[in-house]
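> Chain by chain, the residues run as shown.
Number of protein chains: 6
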Amino acid sequence: MTFEARPSGRPVDALRTIRLTRDYTKHAEGSVLIECGDTKVICTASIEEKVPGFLKGKGQGWLTAEYGMLPRSTHSRMDREAAKGKQSGRTQEIQRLIGRSLRAAFDLQAFGERTLHLDCDVIQADGGTRTASITGAMVAAYDAFSKLAARGLIPAIPLKHFVAAISVGVYQGMPVLDLDYVEDSNCDTDMNVVMTDAGHFIEVQGTAEGAAFDRAGMNRLLDLAQAGIADLIKLQKQALGIAG
Amino acid sequence: MTFEARPSGRPVDALRTIRLTRDYTKHAEGSVLIECGDTKVICTASIEEKVPGFLKGKGQGWLTAEYGMLPRSTHSRMDREAAKGKQSGRTQEIQRLIGRSLRAAFDLQAFGERTLHLDCDVIQADGGTRTASITGAMVAAYDAFSKLAARGLIPAIPLKHFVAAISVGVYQGMPVLDLDYVEDSNCDTDMNVVMTDAGHFIEVQGTAEGAAFDRAGMNRLLDLAQAGIADLIKLQKQALGIAG
Amino acid sequence: MTFEARPSGRPVDALRTIRLTRDYTKHAEGSVLIECGDTKVICTASIEEKVPGFLKGKGQGWLTAEYGMLPRSTHSRMDREAAKGKQSGRTQEIQRLIGRSLRAAFDLQAFGERTLHLDCDVIQADGGTRTASITGAMVAAYDAFSKLAARGLIPAIPLKHFVAAISVGVYQGMPVLDLDYVEDSNCDTDMNVVMTDAGHFIEVQGTAEGAAFDRAGMNRLLDLAQAGIADLIKLQKQALGIAG
Amino acid sequence: MTFEARPSGRPVDALRTIRLTRDYTKHAEGSVLIECGDTKVICTASIEEKVPGFLKGKGQGWLTAEYGMLPRSTHSRMDREAAKGKQSGRTQEIQRLIGRSLRAAFDLQAFGERTLHLDCDVIQADGGTRTASITGAMVAAYDAFSKLAARGLIPAIPLKHFVAAISVGVYQGMPVLDLDYVEDSNCDTDMNVVMTDAGHFIEVQGTAEGAAFDRAGMNRLLDLAQAGIADLIKLQKQALGIAG
Amino acid sequence: MTFEARPSGRPVDALRTIRLTRDYTKHAEGSVLIECGDTKVICTASIEEKVPGFLKGKGQGWLTAEYGMLPRSTHSRMDREAAKGKQSGRTQEIQRLIGRSLRAAFDLQAFGERTLHLDCDVIQADGGTRTASITGAMVAAYDAFSKLAARGLIPAIPLKHFVAAISVGVYQGMPVLDLDYVEDSNCDTDMNVVMTDAGHFIEVQGTAEGAAFDRAGMNRLLDLAQAGIADLIKLQKQALGIAG
Amino acid sequence: MTFEARPSGRPVDALRTIRLTRDYTKHAEGSVLIECGDTKVICTASIEEKVPGFLKGKGQGWLTAEYGMLPRSTHSRMDREAAKGKQSGRTQEIQRLIGRSLRAAFDLQAFGERTLHLDCDVIQADGGTRTASITGAMVAAYDAFSKLAARGLIPAIPLKHFVAAISVGVYQGMPVLDLDYVEDSNCDTDMNVVMTDAGHFIEVQGTAEGAAFDRAGMNRLLDLAQAGIADLIKLQKQALGIAG
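Chains as they are written, first to last, in our numbering: chain A, 1 to 244; chain B, 1 to 244; chain C, 1 to 244; chain D, 1 to 244; chain E, 1 to 244; chain F, 1 to 244.
No lab work stands behind these hints: they were computed from the structure.
Hints are not guaranteed to be accurate.
Claimed, not checked - Simulated restraints, written as ranges between beta carbons of each label pair:
id : chain 1 : residue 1 : chain 2 : residue 2 : range
1  : A       : A149      : F       : P7        : 51 to 57 Å
2  : F       : Q109      : D       : G152      : 37 to 43 Å
3  : B       : L159      : D       : G112      : 38 to 44 Å
4  : B       : S88       : E       : P52       : 52 to 58 Å
5  : B       : H75       : D       : R19       : 35 to 41 Å
6  : B       : E49       : C       : G9        : 31 to 37 Å
Quantities reported herein were computed from a predicted structural model and do not represent experimental measurements.
The C-beta atom is built at its ideal place from N, Cα and C for all residues, glycine as well.
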C-alpha cells in the first residue's frame, strides 16, 4: 500500500480531519457545523409541532431532510436552485437519502406528533457532502431531541442507533476511504455507506462510474467503510459528551 | 427453506415469469415490452441526431433515460406528474439510475454525436419497476443501435456489456429474489442490483427500511442477485437471438 | 368516388379496424385498450371516494379526464410533459374535450359523492387519438360503474347515453371518415365529432387548416361522422356484451 | 318567435351593440377596443422583426395570439394567472383558437420573417369574450399590416379574407345569436363560429352543455351565425373605412 | 428655472394632466381609470368575504394588491407574465409597495374579516405607473368601502388617511415632479414618494441610477413631492365629491 | 437620550459589533463573512467570463446579486425557497437592491465582458440582513476585482466609490441606528440607506409600518444613517488594508 498515492497524502484508510461544532447558529434546536477536511456543512435540526397530512392523528412523529449548496460552495459557481425554480435530481436524491438514514436512527413512535426538519446546507464543498450531512445531522438531531427531553416534552431521547456515513471508492485501482473532490472526480467506483453503531447497514449506494467492480472489490470497500464509520460514531459521541 | 412462505409461492431464489416483446410499438428505433410477472413496462429507445450542449463538438454520444408511471398503473391512482407540473424525487432518482446503468452498457465514444433517449413507462406496476426498466431498456437500446448499424451509420453496435437489474430483499427474515409488490411493501431491506454479463456490479442500492442488515445478510442478497441477473441476461440474449 | 385515393386504400366512409380490449390492466376499475388501426390508447377509469371542493356536500358526483402521450408514441420523440413541467395547450384542450364528452354520457347526480377519473394514455399514435380516447373511455367508464353497481354502492349504472367520437376531414378535396396520421397531416379541414346513440351531437369541433369549408362541405362531413359513430357505438356495446 | 324571451329583450337574431375603437392605445401597431354590449376587449397587434425558431430561414411570417382577463373583469374576482404561475386550460384553448382563426385571415408567406403578436385582454366580461377577441383582433391586425405597408416594408396588406366570429346557442329551447353572460350560463348548447367574408367556415366549436342537439338544431344555429358574422364583417370594414 | 428644458415643456413642479374616472368597469365594488398624461391604469377594488389563513379568527381585515401590465402597454411588447409562468421581481416589488401604501390608508381592524383586493392593470404606460396605481387605487378602495357601508355591512368607511403617490427625479441636473417615460429613462435619480393628507410620509424610495445625490438634492425632491401629492389628494377628494 | 431604552442597551447612534472575515470560503474570487451583532451573512463574489445576452458585444461588464436565507437562519424555520420552487417577493426585492447598490460602486465599463455574481446567504438572522449583505458584498467584490487585476486581466480595480448600507428606524418614538430583530419587529418606521464614501445617497427606502413620519423625523434618521455608514466604510477599508 503506497500512502503517497492519494493526492492528499492520506493513507488509504484514513479519514480527513473531522470537526463537529455544536450550537453553530443560535435559533435552531440543534445546529452543527461539520467539517470533513475542506467540506463544510451546516446541519440544523428544527422541531415543528405538527406532522404532515398522511400522519395526522396517528400519534407518531416524522423526520425529514432538505439539502442545498450555496451557489459558490463549489469550484465554479452553480446556479441557485431557488432562482431556477426547482431542485435538481441530485439534490432530491441526496435529501431523500439523508431523510431515510436519520429515520433509521430515531424511533418515530416516541416523540409525539412532531416533525424534525433537518437542513443540511453546504457552505464549502470538497467531496463527500452527502455523507458529511448525515454524520452532522445525527448530532444536530440528537441535540434537538435533548432539548425536547430537557423541557419535559418527551420522556427520553428517542434514539434507536447512532448512524454515520462515509464514502469509499476505487481511486486509481486502489480502494480508499473518504474521497475528497479530486479523488471523487477521478474514481472508477464510488460508494456511500450509512451504518449504525451496531455495525449494521442502513444504506449502501455503490456506482461504477468507470470500470464495474467485482465482489472482492466490494468487500474491500465495505471493510474500509465499516472502520471509518466506527471512528465517526466515536467522534459524534465525543462531541456530544456521551460515553462510547 | 419453506417455499410456501412467499405470498406468490415462489422459491426464494426464483424470478417471476419474464417476457420480453420486441417491436412493441412501431415508431421507436427500439421498443420493448418487458413483463416481470404483473409488472409491465414499455421501454423505447429513440435516436436523436444531436447531443446536449455540454458535449457539442466532442465527437461522442450521450445516453439518457426518463421514467414514468401511468396514473393507474398502481393499486390506487396516483396524480399525473405532467399535471402536477413536476416529477417526484422518486421518479428522478429512478431515471438517473436507469441512465447511469445503461451508460455503463454502451461505449459513448463509438456512436457519434447522437443521443439515445430511453423512455421507460410503467403501464402496470407490481413491484420492481425500476429494475424491469433497466433490463428492458437494455434490449430496446440494443435494437436501436442495431438499426443504426444496419443503416451503416455506425460501424458496429457500441456494446461494452450486457446489463440487467433485479431487486432482492429480506421478506419476513428471509432473503428473497425479485420482490413483487406485496413483498416489497412489507420487507425490511430492499436492494436493487445492476450487473454486467461479466458478473460485475454497476450499481448496488440497498436500503434498510426496517431492521438494519449485517454483512452476512448483504452477502446472501448479493448471491441471489448475481444468479438472478445471470438468468435475465440469458433471456435478453435469447430475445435478441444472440448466442449467450 | 375513387377508393384508391386514400393512402390506406380505405373507402372514404370506412373506419379503420377497431379493437376494444377490456380489463387491459389489472388495478383500475375500468381499463380498456382501444386500437383504431395503428392508434392505440389505454383508457382507465378510476373511482375516487370524494369530489372536488366546489362540489363538496352537494350529493353529486364528478367525472374528469386526463390525456397524455408516451414520448415515443409519435413518429419523432416528443418531450415528456412531466419533465418539461407543464402540459401543452393541445393536451389541455384534449382532456377538457374528453371530460365534457363523458360528462354528457353519465348522470352526475346518480353516483354519489364520487369522482370518476378517466386517464387516456396514447402508447402509439397514428391520427385520431382524441376521438379514440373518448370512444375507449366510454367503455372503461361503463365497466367502472358496473363494478360500483355490482358491489351495491350505486343502484344502477348512471348511464344517460352511449357516446363515441370520430374525426372526419377533407383530404385532397374528398370528405373522408376516420383520418389516419398521413391524411390528418395533409388535410384542409379536420373535424372531431362526438355523438350519442340517439344520433345527437355532444361536440363538433371543425377547423379549416387549409381552405375554409362551405356549408355543403360541412353537411357531407357530418353525414360521414354520424354513420361512423353509429358503428362505433355498436362496437362498444358488443364489447360490453350489451344488446344494441 | 317571442322576442321578449331573451333577458336582454333582443330578438333571437340580433347582435348586441358593437363598437370598434381603433388606435385605442398609443404604442401598438394596431390597437382596437371592441365592445359587444358590456363585453369589452382590448386587442393589440404588435409586429416583431423575427419568427419563432421552427420558421427561421424559411422566408415566411408567423402570427400568434395571447388572451387574458383582468382579474375583476368578471362578476366575482378570478385569481390572476400571472400570480398563479400558469394559464388555465380555458385560456390556452381560447388563445389557440384566436391564433388559428387569424392565421386563416392573412397570408403568412407575404409579410417576411416577422411575427404578428395579437394580445386580447378582456377588461369587462359579459359573455362572448373569445369571439369578440377574434373580431377585434382582425381589425387590429389589419391596422398593423397597413402600417408595415405604409412604411414600404411589405408591398401590400397580406389579406386573404376578413374573418369574424360570433357565438350562437340554444337558450331555453330557442336558438339565439350572440349570447350574453346570463344566456351563456344557462344555455343547453353553445357554439362558437368563425367565418370569412366569403361565407366559409374557419372554425365551428359546438358543445352541448345540457341536452344534446340534433342536426336540425345545428342547422338553425349555423344560419344565425352566418347572418351575424356577415354583419360583423360589415362593421369591421366600416371601422377601417373599406368599401364592403 | 427654464421651463422649456423638460421634453413635455412642463414646469419642473407641474403634474401631468390627471383624470380619475370612477365606475370604469361594472363588476368591481370600486373601479377607477386613472390617467396621468399618457399613463393609464385600471384600478379595481374587490371585496372578498374572507381573510388569508394567518388572520383567520382575529376579527380584522386584510388589504392586498396586485399589479400587471398589458403586454403592449409599453413601447415594445413585453412577454406576458401569465405565459412566462411568473411575475418579475419588478412586478412583485411594485405590488408590495401598493399594498403597504394602501394598508396605511385604512384601518384593518374596522372592516371585519374581509379582504380588499386591489388590482392595478396598466393599459398604457408612459412613466409613473406605480405611483398612478397607488393614487387610483385609493379612490377605488374608498368606493368599495362606501358600498360596504351603504349596505350596512360596516358602520363607516374605515379611513385613516387619504394617500397618494408621485415620482420625482433629477432630469439633466434639474429636480422635476412627475416624470414621464422620456424623463424617467434618462434621469440620474428617481424617487417615488407616498404621503398622507396630513403631509406625512408612508414610503420614500429613492434610487440613484446615475450620479448619487446629496442631502440638499434629496430635500429639493421631497419638497416637490410634497406639493404634488397635496394636489393629487385634492383631485381624489374632488373625484369622490368630498370636501377637501 | 436614555441609553437603556434599546433592548440591547446600545446608544441610539451605535452600530452593533461589526466583523468582516475575508477569504471565508476557499473557491470564490471574493468571500466575506460579515457579522453585524448576531446577523451573519456569507457574501461571495464570483467572476464569470461572459455577460448576459442584452450586453453581448458591448464591451462592458455586468454585476448582479442573489440573496437567500438558510431555512433555519430565522427564529422559526422558513420554507426553503428552492423546495417551494420560487423566490418570494421579499427575496427578489432584496437582491435587486443589492445589485443596484453595488453597480453604483463599480465602473461597469472598466472590467471587460465579465459578470460579477454576488451571492449573499444569510446563515443567522437578527435584523438588518439586507444592509449587512450590501456592506459585506462591497468587500467581497473588491477582493474579486483585486484578483482580476493581480492576474493582469484588468488594469485596475474598477472602483467608483465604496458603498455601505445601514438601517435606521423609529423604535418607541426614538430614532435609532442599526436595528436588531427585536427593534425591527416593533418599530414604526424602518429605513434602509445606502451611501458612498463621498456621503452621497445611492438608495433610500423608508417605510412607515406604524405611524407615518414627518419631514423632521426623516431628517433625524438620515443623520444617523450618514454617520453609521461613514463608520462602516472605515471598517471596510480597514478590513481591506486600505488607507481611509
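> For the range 38 to 44 Å, tell me whether the beta carbons of L159/B and G112/D fit it or not.
Given about 51 Å between the Cβ atoms, the range is violated.
> Indicate whether the distance between the beta carbons of A149/A and P7/F respects the range 51 to 57 Å.
Since the Cβ atoms of A149/A and P7/F sit about 31 Å apart, the hinted range of 51 to 57 Å is violated.
> May I ask you to test the hint 35 to 41 Å on the CB atoms belonging to H75/B and R19/D?
violated (59 Å)
> Does the beta carbon distance between Q109/F and G152/D stay inside 37 to 43 Å, or does it fall outside?
holds (38 Å)
> Can you tell me whether the CB distance of E49/B to G9/C sits inside 31 to 37 Å?
holds (33 Å)
> The hint says 52 to 58 Å between S88/B and P52/E; measuring C-beta to C-beta, is that right?
With a Cβ separation near 29 Å, S88/B and P52/E fall outside 52 to 58 Å, so the hint is violated.
The structure shown violates the earlier hints numbered 1, 3, 4 and 5.
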